[in-house]
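S.K.: Spelled out from the first residue to the last, the chains are:
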Amino acid sequence: MARIGVFVCHCGENIGRTVDCHGVAEACKDVPGVVHSVDYKYMCSDPGQQMVKNAIAEKGLTGVVVAACSPHMHEKTFRRATAGAGLNPFLCEMANVREHCSWIHEDREKATVKAVDITKTIIEKVKRNVPLNTIRIPVTRRALVIGGGIAGIQAALDIADGGREVILVEKGPSIGGHMSQLSETFPTLDCSQCILTPRMVEVYQHPRIKLYAYSEVESVEGYIGNFKVTVRRKARSVDEDKCNGCGACTQVCPNKKIPSEFDCGLGKRTAIYVPFPQAVPNLPTVDRNKCLLFMNRAKGRPDTCKKCADACAKGAIDFDQQDRLVTEDVGAIVVATGYQLYTIGKDQPKDNLKGYGEYGYGTIPDVIDGLQFERLASASGPTSGKILRPSDGKEPKRIVFLQCIGSRDPQKGMEYCSKICCMYVAKHTMLYHHKVHDGQATVFYMDIRAAGKGYEEFSRRAIEEEGAQYIRGRVSRMWREGDVIKILGFDTLEGEPIEMDADMVVLATAMRPQPGIDALAQKLSVSYDQHGFINEAHPKLRPVETNTAGIFVAGACQAPRDIPDAVAMASATASKVLGLFANEMLEREPTVACVNEANCAGCFHCERVCAYGAVEHKDIKDRAGNVVRVIAYVNPGVCQGCGTCQATCPSKSVELQGFTDEQIWGEIQALGV
Amino acid sequence: MTELRELARRLLSEGTVNAVLGWEEGPRGARPAFVTTPEGADTLIFDHRCVHNLASYLSPRRPHLKRLGKVAMVLKPCDARAVAGLIRETQIPRDKVVLIGVRCGGVITDPDSTAPLTEATVADRCRGCPDREGHLADHTVGTAGPGFAGPSKRAQKIEELAAAPAEKRWAFWQSELEKCVRCHACRQVCPMCYCDRCLADKTQPRWIESSPHARGNMAWHVARAMHLAGRCVDCGECERVCPEGIPLGLITRKIAQVVSERYDFRPSDDPAVPAPVGTYRMDDPQEFIL
Amino acid sequence: MGSHEHSHDHSGPEPLAARVQRMTGLNPACCYQCGKCSAGCPMAAETTLRPHDVMRLVARNRLDKLADADGLWLCLTCETCTSRCPNGCDPARTMDALREIFAAGKDGKPPKAISAFHKSFLNQVRNHGRLFEMGLIMSYKLGGGPMFADVTTTPSVLARGKLGLAPHNVKGMDEVRRIFAACAEEEAQP
Amino acid sequence: MDATTPAVAGGFEPRITAFVCNWCTYTGADLAGTSRLQMASNVRIIRLPCTGRIDPMFITKAFERGADGIIVSGCHPADCHYNAGNYHARRRFAIFRELMDFLGVDTGRITFSWVSASEGGKWRDVVNDAVTRVRALGPFTDYRKLVVDPVATATGVVPPEHVGKEVPA
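Chains as they are written, first to last, in the working numbering: chain F, 1 to 673; chain P, 674 to 963; chain Y, 964 to 1153; chain U, 1154 to 1322.
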């Protein structure tokens, strides 16, 4: 038989003014199972908590109801007090008669009636509470970082410097990400590679970082503290242990006309290649789609070209190398897969994007995107840092930048702002004016969003001191006449259409998450928005956590981010990971689902609705060891306690602890006439 | 029919299966049959009186078949949806059953009827049914009639009810549901109701009062409708077996309409197609939410 | 970093913004079109070009559009715009510079009546060291001002002695002449 | 006065049971409290972790127990603390609502809303709207009348001692 104690708090005047607290305590005395019901001015005070503890000891309470403020306020306080008196803390619940009653009603009579109702529902709930124990799970104190751009590099270094091992997985042949492609960085105009490459080398040399470049995450199993990750190490066709990075192989490769990904198609590379001189690891990779030997093999012809293998003094070229799968145990995962630009070319239909035919991207050679401009401006780029237009290699004297291409455009692109374009366009105009002294840069913009330290000053400098012409308005159409690009726009400040000529046009295209982010997110059971950006657990208060415990997010895979943002997020994930790794075991609230094995029919509706992949299949065997039934099992380490499974279960064979059907039923009964 | 019998005989004599589940002629019309010998295959029939959904025999709640070993089942196109549902919901492994599809042009309502299959006698669920054969089947036999296009009487009744004021609908359903004796035949016959222990039998807490009175009846039929939402294969068995003649098909059909209109979903005979309840789209309509 | 000289187009005439910057020492590119100047301008409701419009047109090298507009000439030079500007743009000084450019006559002319008024006004000051209203009226109307406007009010104004018939020169006419000479000399310099 | 009956000074006061999620609507209702937003006192909140946890059975049971109206409220789309509980609830209750309508229950009695943790004002409006609407619809005696006595149900005559009484065992 339940022995419930009810403690009604006046909260000074806060509750007492509109609720007859003594009356509530008296009314609750008549509820079956209530053996103790009192009111007090401040239940959360030390004497108030002592009242609870004393009553538990003296009256042998089996449950505690504190009618006071919101459980979000003081549930922890009173559960601690309850535990202090030797009663299981989960036998204590709060009835919210302040936020949900005294503060929102003026009529004392009505408020008192409601307070009694509220308290009675919780009394009925607590009668059906059972003791629960905090869940303790062991933690593997190693982290996986997915993505080797600046965010991934920063996260890996911070975690490794914090004393924990890190596996860094990078899809491409080298780490460095988009930042390695940039010329200078806003708002300081320091050289991107100069600040990045030391960090890349640090990653490579760090004793606690294991770098898997040219690798991808194949599958992820497990849960917070206990992930098992399979990584596909794609075949480079080069033996990493033998290669000394001399580069002789790339010199002799006959196929030299392959558009370089690193140079955004503006430069060329060979079929066996190192993407850029500072690549880490400094290993060549054979592009099997472009290598003559592999192209011949695909057609069933014998191997002819082996020039790279012949040139290699170390015998490191291995045309028969296969992909390898390696498995790693980790306790936490940082997702830092970065971004791609809205490509205005032919691959749009796949993504349901309509593209921008009106700008002639892909047909007019001198219409390029922001990253291509970075490569033109970069000293390591295809033009050695000279601004030369792709069509005829001439220096453009009139250059036009279009902002918000694909951004803030729900019709053809993304409704969001890509955040970095205002700044990098301002930077581009400066780089251009520094390099082409008699040139004129013009920018079409909608707003200038320069929110960041030194950002507004930077963009004003581009206009006020460096002479960039800013025209507010979007461009309607561009076409080519001779070697001139005609631009039709509108100057909304002057209220007039504008027709102007340009020698080159740079489109500041929208930032989008990397292709394949959805597949990765599904492997990780983390949610992503309609654009594919990974959802954070809370936009304000948990910005680098995902809703899946133990998985964190950094950089532009979460939303458009610039370098300072990405680095700050990465360091934040590192602090979260190191916090998680501070103890060998981690503790979780026991609000998790639990399957009634006798009743479960094994329909796995629960599995379908579980957003966390917490439901597993469990074999029920007879004495001979034959599987007689397969039923659901909820892994308490993974379950987050939403209870969707229970509402979905047709036979109610899964129960959410702390919110069982019995408890809810009790509450509904209590409200009955 | 010869084709069906020959196939069944072959499967049994070759030992591919230990039993064939189909229909035979019984004293009161067509009835389900378990055939375990090659000779027995000659008793198998299939015609417009074979209304029973045999898929419910595959449900793990009915272990009879399982004890016989591997079985073959004769399958109407509509029954294929039920089998697909059981596969989808992990109740039977696909490789544990051989499916003999029969081409179908509609059935009548009562297996004991001698009436021919006509526009007047055809079961309401067959009106407008586009499926002449089940895609899930391993073998497909027979020939199909053209099917029936005529207007569905249930759909008309649903429209009529929808047009009436809420009090009229309430009165209609109260008068129907008060007849329910809670025999649970609707549950027993339903191929998609396979829980070992039904919610209606649970006592802690008792969401659904078990004795036959208006309140418990309401709760039961609401629960049943919700559990079948997006899962009901419209085999019509619940309504056929109801001893009180409650038009249960109206409820399941109504829910199927809702699911079809809101989520563009029709019960599929492809086990890989997920049911609409248990999945979602971020842009699902939510006009009813403030 | 000081003002960074840009002459982007060597072949064509000097851009207006550069010209204004040379005349005023102010950078028209500093205007970020917040409109606070026009919000405070007492003449904003009367003109088609408000101070921020003028700033924008200077930055965009739109001499043509500025030449057609009345705003420059209706400006009272009260300098509210300048005192309000958050970015130190000084629209009042900019408009002064533009008036100078147009008054010079090469890039378009001020509206006839306004020009006549300005000239008459300055002539009065040049000749008398102060304003001689009757002289101003005569000179303005003969120079192109609206001939018969306000004529009907003249008798009553005269009757109450509000309009002197003869000019009164100030004492320091020599100084006035020297000021005008100095200005003319400065203007003559390239 | 029976403390569990809402005050009935001058007319019918509806009893409304609200099933709300812990993270958005419950917190939004907390915010309404801390902001001292005054609202009708007819609503009793039952806190659940997520709208995904809310079973249609809760609603039928609440009606059986005498509720005149129901509110179900949770996180806006894409805001669910548990990623997708609200999406599952949205489908479940879209169907449930149509079923109720088909069975003749006035859907004005069942309110669904998304109220975020920052929408204290919206919660007040949802509460006041629901109370006004249900007050206009009157007491939900139709459902409460569904009693255990088969004679009463068959004849439609409900013995007064049965009205609103618990089912005898």
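Source of the hints: derived by calculation from the structure; they are not laboratory data.
Small disclaimer: the values here were computed from a predicted structure and weren't measured.
Don't take every hint at face value.
Here are the simulated DSS-like pairs of lysine-lysine, each with C-alpha atoms no more than 27 Å apart in a straight line [to be verified]: (1) Lys852(P) to Lys1298(U); (2) Lys397(F) to Lys1028(Y); (3) Lys621(F) to Lys743(P).
Not everything, but these chain P residues come out facing chain F in the computed CB check (under 8 Å) [to be verified]: (4) Glu762; (5) Thr763; (6) Gln764; (7) Ile765; (8) Gln861; (9) Tyr867; (10) Cys868; (11) Asp869; (12) Arg870; (13) Cys871; (14) Lys875; (15) Thr876; (16) Pro878; (17) Gly951; (18) Gln959; (19) Ile962.
From the three backbone atoms N, C-alpha and C, an ideal C-beta is built for every residue, glycine too.
S.K.: Each hint needs a verdict: does it hold in this structure or not?
M.R.: Okay, the hints, checked on the actual structure:
1. Only pairs whose Cα atoms come within 27 Å are accepted, and Lys852(P) paired with Lys1298(U) is accepted, the gap being roughly 16 Å.
2. For the given pair, Lys397(F) sits about 26 Å from Lys1028(Y) by alpha-carbon distance, which is consistent with the 27 Å threshold.
3. The straight-line distance between the Cα atoms of Lys621(F) and Lys743(P) is roughly 20 Å, inside the 27 Å bound, and the hint therefore holds.
4. Here the hint on Glu762(P) is kept, as its CB sits about 4 Å from the closest CB of chain F, short of 8 Å.
5. Because the smallest distance between the Cβ of Thr763(P) and any Cβ of chain F comes to about 5 Å, under 8 Å, the interface hint for this residue holds.
6. About 7 Å separates the beta-carbon of Gln764(P) from the nearest beta-carbon of chain F, less than 8 Å, and the hint is met.
7. A least Cβ separation of about 11 Å between Ile765(P) and chain F goes past the 8 Å threshold, and the interface hint is therefore violated.
8. About 15 Å separates the beta-carbon of Gln861(P) from the nearest beta-carbon of chain F, more than 8 Å, and the hint is not met.
9. Hint on Tyr867(P) holds. Least Cβ distance to chain F is approximately 6 Å, under the 8 Å limit.
10. Restraint check, Cys868(P) versus chain F: the minimum CB separation of about 4 Å is within 8 Å; hint holds.
11. With a least beta-carbon distance of about 6 Å to chain F, the hint placing Asp869(P) at the interface is held under the 8 Å criterion.
12. Contact between Arg870(P) and chain F, as hinted, is supported at the beta carbon level, the nearest pair being about 5 Å apart and thus within 8 Å.
13. Restraint check, Cys871(P) versus chain F: the minimum CB separation of about 6 Å is within 8 Å; hint holds.
14. For Lys875(P), the interface hint holds, since its Cβ comes within 8 Å of a Cβ in chain F; the closest pair sits about 6 Å apart.
15. Here the hint on Thr876(P) is broken, as its CB sits about 11 Å from the closest CB of chain F, past 8 Å.
16. For Pro878(P), the interface hint holds, since its Cβ comes within 8 Å of a Cβ in chain F; the closest pair sits about 4 Å apart.
17. A least Cβ separation of about 4 Å between Gly951(P) and chain F falls short of the 8 Å threshold, and the interface hint therefore holds.
18. Taken as an interface hint, Gln959(P) does not check out: its beta carbon lies about 15 Å from the nearest beta carbon of chain F, beyond 8 Å.
19. Nearest Cβ of chain F to the Cβ of Ile962(P): about 17 Å, over the 8 Å cut. The hint is violated.
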